[in-house]
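Residue numbers (the UniProt record's numbering), protein chains in the order written: chain A, 1 to 379; chain B, 1 to 379; chain C, 1 to 379; chain D, 1 to 379.
Check the hints yourself; a few may be wrong.
Said to hold, decoys possible - With the Cβ distance kept under 8 angstroms, some of the chain A side facing chain C (calculated, not the full set):
#	residue
1	L52
2	R290
3	T291
4	Q292
5	I293
Hints in this document: simulated from the structure, not taken from any laboratory. Note that this is a predicted model, so its numbers are computed, not measured. Cβ atoms here follow ideal geometry from the backbone N, Cα and C, with glycine treated the same way.
Spelled out from the first residue to the last, the chains are:
4 protein chains.
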Amino acid sequence: MTKLNWGMIGGGAGSQIGPTHRISAGLDGHFLLCAGAFDIDPDRGKAFAGSLGVSADRAYGDWREMLAAESARDDRLDLVTIATPNATHYEISRAFLEAGFNVLCEKPLTMTANEAREIVEITKESGKVCAVNYGYSGYPLVRQMRAMIANGDLGKIRLIKAEFAHGFHADAEEADNPRVRWRYDPAQAGTSAVFADAGIHAFHMACFVSGQTPTELSADFASLVGDRQLEDDAMINFHFNGGAVCRLWTSAVAVGRMHGLTLQVFGEKGGLSWQQQHPEQLHWTPLNGRTQILERGDSDLSEQAVRASRIPIGHAEGMPVAFANIYMDLADVLNAQRTGAKPDPMALDFPQAEDGYWSMRAIEAAASSAKANGAWTKL
Amino acid sequence: MTKLNWGMIGGGAGSQIGPTHRISAGLDGHFLLCAGAFDIDPDRGKAFAGSLGVSADRAYGDWREMLAAESARDDRLDLVTIATPNATHYEISRAFLEAGFNVLCEKPLTMTANEAREIVEITKESGKVCAVNYGYSGYPLVRQMRAMIANGDLGKIRLIKAEFAHGFHADAEEADNPRVRWRYDPAQAGTSAVFADAGIHAFHMACFVSGQTPTELSADFASLVGDRQLEDDAMINFHFNGGAVCRLWTSAVAVGRMHGLTLQVFGEKGGLSWQQQHPEQLHWTPLNGRTQILERGDSDLSEQAVRASRIPIGHAEGMPVAFANIYMDLADVLNAQRTGAKPDPMALDFPQAEDGYWSMRAIEAAASSAKANGAWTKL
Amino acid sequence: MTKLNWGMIGGGAGSQIGPTHRISAGLDGHFLLCAGAFDIDPDRGKAFAGSLGVSADRAYGDWREMLAAESARDDRLDLVTIATPNATHYEISRAFLEAGFNVLCEKPLTMTANEAREIVEITKESGKVCAVNYGYSGYPLVRQMRAMIANGDLGKIRLIKAEFAHGFHADAEEADNPRVRWRYDPAQAGTSAVFADAGIHAFHMACFVSGQTPTELSADFASLVGDRQLEDDAMINFHFNGGAVCRLWTSAVAVGRMHGLTLQVFGEKGGLSWQQQHPEQLHWTPLNGRTQILERGDSDLSEQAVRASRIPIGHAEGMPVAFANIYMDLADVLNAQRTGAKPDPMALDFPQAEDGYWSMRAIEAAASSAKANGAWTKL
Amino acid sequence: MTKLNWGMIGGGAGSQIGPTHRISAGLDGHFLLCAGAFDIDPDRGKAFAGSLGVSADRAYGDWREMLAAESARDDRLDLVTIATPNATHYEISRAFLEAGFNVLCEKPLTMTANEAREIVEITKESGKVCAVNYGYSGYPLVRQMRAMIANGDLGKIRLIKAEFAHGFHADAEEADNPRVRWRYDPAQAGTSAVFADAGIHAFHMACFVSGQTPTELSADFASLVGDRQLEDDAMINFHFNGGAVCRLWTSAVAVGRMHGLTLQVFGEKGGLSWQQQHPEQLHWTPLNGRTQILERGDSDLSEQAVRASRIPIGHAEGMPVAFANIYMDLADVLNAQRTGAKPDPMALDFPQAEDGYWSMRAIEAAASSAKANGAWTKL
Ligand SMILES: NC(=O)c1ccc[n+]([C@@H]2O[C@H](COP(=O)([O-])OP(=O)(O)OC[C@H]3O[C@@H](n4cnc5c(N)ncnc54)[C@H](O)[C@@H]3O)[C@@H](O)[C@H]2O)c1
Ligand SMILES: NC(=O)c1ccc[n+]([C@@H]2O[C@H](COP(=O)([O-])OP(=O)(O)OC[C@H]3O[C@@H](n4cnc5c(N)ncnc54)[C@H](O)[C@@H]3O)[C@@H](O)[C@H]2O)c1
Ligand SMILES: NC(=O)c1ccc[n+]([C@@H]2O[C@H](COP(=O)([O-])OP(=O)(O)OC[C@H]3O[C@@H](n4cnc5c(N)ncnc54)[C@H](O)[C@@H]3O)[C@@H](O)[C@H]2O)c1
Ligand SMILES: NC(=O)c1ccc[n+]([C@@H]2O[C@H](COP(=O)([O-])OP(=O)(O)OC[C@H]3O[C@@H](n4cnc5c(N)ncnc54)[C@H](O)[C@@H]3O)[C@@H](O)[C@H]2O)c1
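Model the full assembly from the supplied sequences, consistent with the hints where possible.
What follows is the structure, encoded as structure tokens:
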């Protein structure tokens, strides 16, 4: 197998999410990091590129330079990952897609739903891939949930309970810390703080496992610490197009919760319950039956879950390996692109521009519902 | 110690809650069951009374007969427990209070907030006790939560997350079962089903531990099974008078949840988390500190929790013992009544008519908010 | 139903286990406490009897007086519970059995296996009941384990893992506290400390659920705190007569464990796992299948477990209710004795003199094996 | 940073542990796979090397060929990983060490303690590194345990409870499956099956966290399925040189346990409890204090645990990342070797030949004790 050529924008030295991308992309050996504009500071970015083994001629000072140079090469990048701050995602994604590159953009895809719709259009026209890193959907047992629901094991879905709550912004004395402050400042963060940043993962997962999208929502936003202008706690009720009700709680003031991403789905024929902190177990209760514990790595899981699983049962695979499944899917699709073959249909489940678009719509609708005292708002 | 004389109305042979009352009232040996009108069927009620060791002259065919006869006796009942169906609570409680009896009424105290307000008034005038059986507040670690919050350990309370969710009404094929059907029929159940029946416990506990009451709420009700007229799933947001936001979820369609009553409280200085299914542990996370596990039975708990605890640490006391704490409190208060002494201040924490009243207000406001698409509604 | 007449020896004011007996015996209303010699101090015992509602003529200064007076009465005691310190059990049990009383003796039944064998013989001759309070066997899900194993659900039992470990004697500075010290003094406690006191419950449960008894054992005793002469930690391997290996760990120095009584059973066709701290769930894994969670209170459990269950699913019943099942069984058997009827066969599962005897044999064999460096020792 | 040159022997296509090595070695980008003899079948091995991007001239047909060719090169391999079947480890490790390579050998290091002692000697003479892959010691919270104990937080260690139990060889009908059979055949597996294969990890961890080694042991081996000649279940008691008692259980017939590797350590001043299935939490109970939950990723952990941690708190890192810490340590040490610098002292905690040697001694002593009915056997 020839490796796929991979480039990165952002994710420089000391960045939060950059290392995870490199771990995940490298995990299966599909991708070779061969180009990058890693930093807002050109020199630091080039030095960092060198430390990662990127050759000097492909270590760029900024993304425009990289776009120009890489567009001209024969050994084209198969994938460009964008891991810069939110406000730059739209412009960079757009430029690379238009130049015919495949893109994996960090969430959020854009700052507005309109921009996201544009990216969806551009992606379609380009015939390229635009993925968005809702990486929690890579967990094998999350894919198991999706497979069971698609397979009808739960019957019609009635109710989805989703949570993403932590307590890392609960300290009033830390509220003025710049690392925290900007997140609650509308000028920098937009219309929503904790829902856009954390809760949106739970939203994506509710859509992902159910295969449904929202038609309307009612949101309650609360600012519970200091004089924050944006919400640090939110409760949102959704109606989904397949008839499900979805209730989503997200918080940054829940002291004692550690990124407590949880997902419960209740249907006519049974219920599922999963929590990110113990991602290796999925609880499945058939209607009128006993709760069963499904273990990641078990051979009786769906083929989607088995495909997304690498190490023996009883050993936590963990989050970096979950994120690696997004890259595994992309490798499959990009290799098919290269060779003209059909990708494995199971590889098509990674989050895409369309998902990024739905997220932006949900954020805008939630912020506007919250302002209107929770009025039900169409999406 | 002379035992307290105790009578029951309802709770006859085969009833659901009757045996729990007898276990709980008898547990510490404070109460002697000496009179009762146990059944809607007079003969069955009298026979049952005999089987419980109640003497024939105090085994009554109905509560009016009991009221008349018992009012005339010298060896007056110290407490009358009312464990009949909901619609009868108001009339019976009222009559016994007016005749000067102490009452422990099953929840709901009445069918409307107005009725409940009357009971509150009558209770005040009578100088007697009117308790309402929100028995989960008897758990030692729930009292620990209340004590810690009252003590300021959490600082100002920001957020309360409360849940009471089960899946016992999820089977569409069981929806016409009369045991289930009446609960979703407005003619029989009133304006709310699962919130009034199950979620109301979570509501009471949120008030109980925080020491706050609601000022307004916004409710979303969903009917997810068949053509039910009342809700089998509800999400309610509250604003409390001490500034806390409370988010309460209740459901009867959550397959795999077993009466999952949970309570999380987040304040300026830390967070608490408790779940009824494992009632012996309370998780406490001080701000910026590590989560600690508080064990029921530990000597370093609050005096309220120690007082409510009977058996050694490491052994689940369970729900019947929790409910017995309500009777223990009542015994303390009624003995003080008898002797003219002051009751232990810690004995005054049992749920009372006022709590029953707040519950009815919450139910009415929630039903009306739900009808108005979740409009924020004052209480 | 006429109540059964019940008497107690020991379990006086401030005693540890006395209140549990009164809660458990009273729970279902089967027993009426009408006589007792509750205390080593006659006056205190009589005063305490009064406080429990025992009439003055049946409040005794000591057990011999009680034996004489009660033997002469027409309204004979149906059951005498013995809850005095260990060294007195043999003498008192023996005397009451020989006088034709039914007895429930606290564990250990005697101080030696020989004495226990005598009690077994005397019980047989008397035709009366001699129960021993291995009360944990009253948990509904422990009975479920026994029923499943008896039913062949696990096939041949291969392995039993049993633990009873706590950390309440771990503090070296407390080692001289008289409340702790006597337990590790051979003169007062006999040949074994933590195994005889705590681990023996795990031993009884291994026998109880498997329906097997030991043929030989190898024990390792450790004294880990200060200069204790008896063991505060022990590991014992058993061979059982049905072919099972049993591995039992017990400890008093396991800081952080709270009476962690656990039981795992592995057979040809599956495995079971239960822990006393969360007694409402039993994990069952059929061979090559998924782990299922059995909930106490579920209607699909064995009839033995259903019979031993009182309150709705999802609510912990707890340990006092488990112990009450021993009294429930006894009530059934004693009522049958009264009327000449056959007791419910399911009522015969309570621990009896024979179990007390096996415990003493196990203790003696373990102590002697431990002294012989773990030599395999026949029972 | 220049990458370290890395080679592999074994771990070919379809092998169990090979992919984990490649994931873990690649995770931080320290190592570049540039040579290998991956398979017992030379052609398959070379083809596989190509698929991994190894250049043709360094894709070898067998390890002798690789040894000869690589010894002659200037761009020498910095590390050779040996992931072949057990019986080959001694010969290959020895040859590569003698030729001056650094080695990471899969466990067991050898088939006998004598061989292992030789490897220890050779390693010393060579001045090179010989690591052994007891990879579970890479978990951040296992390193936290070691750091806390080294720091005296627990005081003198009294007791270690270690378990590694699974149920994957419990099916009697699978016992003749060749994939399972060889493990219980002394001719192929040596003197011990489940202890040598699984329990040995628990043994290593007990030594690793306590910083102690065994002085004597007493073992009970059981063969519980079919006519197996070697043990599929074992209980071993150890005396450690620092005074600790260690009790270790390992099993292959524990249906429902999923590689349940657990470790509890009890000392004078507190207790620790960790389980591999939920590797992100460590429970710490100070003597007379409350149990605290330590979360992987928390900044208040030891510097050893912080160093071994890559992703944010609340997200399981999982086993591949734990194993990667062994490679991270090696990279640190090998880079120091290259440059002549001193390695970070914290990097020296990876398992080494000495650990492989102690494992072999423990296996031999356990097998001989088990044969002698559990006689205490010196190491
Ligand atoms: N999917 C997830 O779970 C997840 C988790 C964390 C962060 N994120 C997303 O990842 C993105 C990055 O977040 P982070 O926390 O790593 O941020 P960060 O601030 O830690 O790092 C940002 C990096 O981008 C570089 N950068 C900034 N502007 C640049 C530019 N114009 N050109 C090139 N490089 C530039 C910076 O120098 C830095 O190295 C955000 O959009 C965030 O929402 C996603
Ligand atoms: N606090 C709790 O957690 C909890 C739990 C369950 C039930 N409850 C409440 O307890 C009450 C009883 O519920 P249940 O489930 O036991 O009902 P049930 O139908 O099982 O039993 C009701 C009993 O009352 C008797 N009865 C009916 N009308 C009577 C009358 N007029 N006079 C005398 N006896 C009469 C019936 O014969 C029967 O014995 C309800 O109000 C319910 O909301 C509370
Ligand atoms: N089954 C269990 O789980 C369990 C638990 C705790 C105790 N126990 C057993 O219960 C028994 C009592 O233990 P405890 O912890 O309650 O002891 P305790 O010391 O707390 O109480 C003993 C009581 O017996 C009274 N007494 C002593 N000698 C007497 C005599 N000759 N006549 C009458 N009364 C006498 C004392 O005055 C006191 O009231 C012991 O055998 C113990 O092993 C069993
Ligand atoms: N540390 C752990 O947790 C762990 C887990 C699993 C396996 N292991 C160890 O890893 C080793 C390999 O186990 P596995 O389960 O991966 O085995 P496996 O049978 O799955 O794979 C062995 C690989 O080695 C190759 N091989 C065999 N002989 C060879 C030779 N002479 N030269 C080159 N290649 C050769 C085979 O072709 C195959 O690719 C064993 O020693 C085992 O104990 C350790």
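Status of the hints after comparison with the structure:
1. The beta carbon of L52(A) is not positioned within 8 angstroms of any beta carbon in chain C (closest approach about 43 angstroms), and the interface hint is therefore violated.
2. For R290(A), the interface hint holds, the least distance from its beta-carbon to any beta-carbon of chain C being 4 angstroms, beneath 8 angstroms.
3. Taking 8 angstroms as the C-beta contact cut-off toward chain C, the hint placing T291(A) at the interface holds, the least distance being around 4 angstroms.
4. With 8 angstroms as the threshold, the beta carbon of Q292(A) comes within range of chain C, its nearest partner Cβ sitting at about 4 angstroms, so the hint holds.
5. Residue-level restraint check for I293(A) holds (minimum Cβ-Cβ distance to chain C is 4 angstroms; threshold 8 angstroms).
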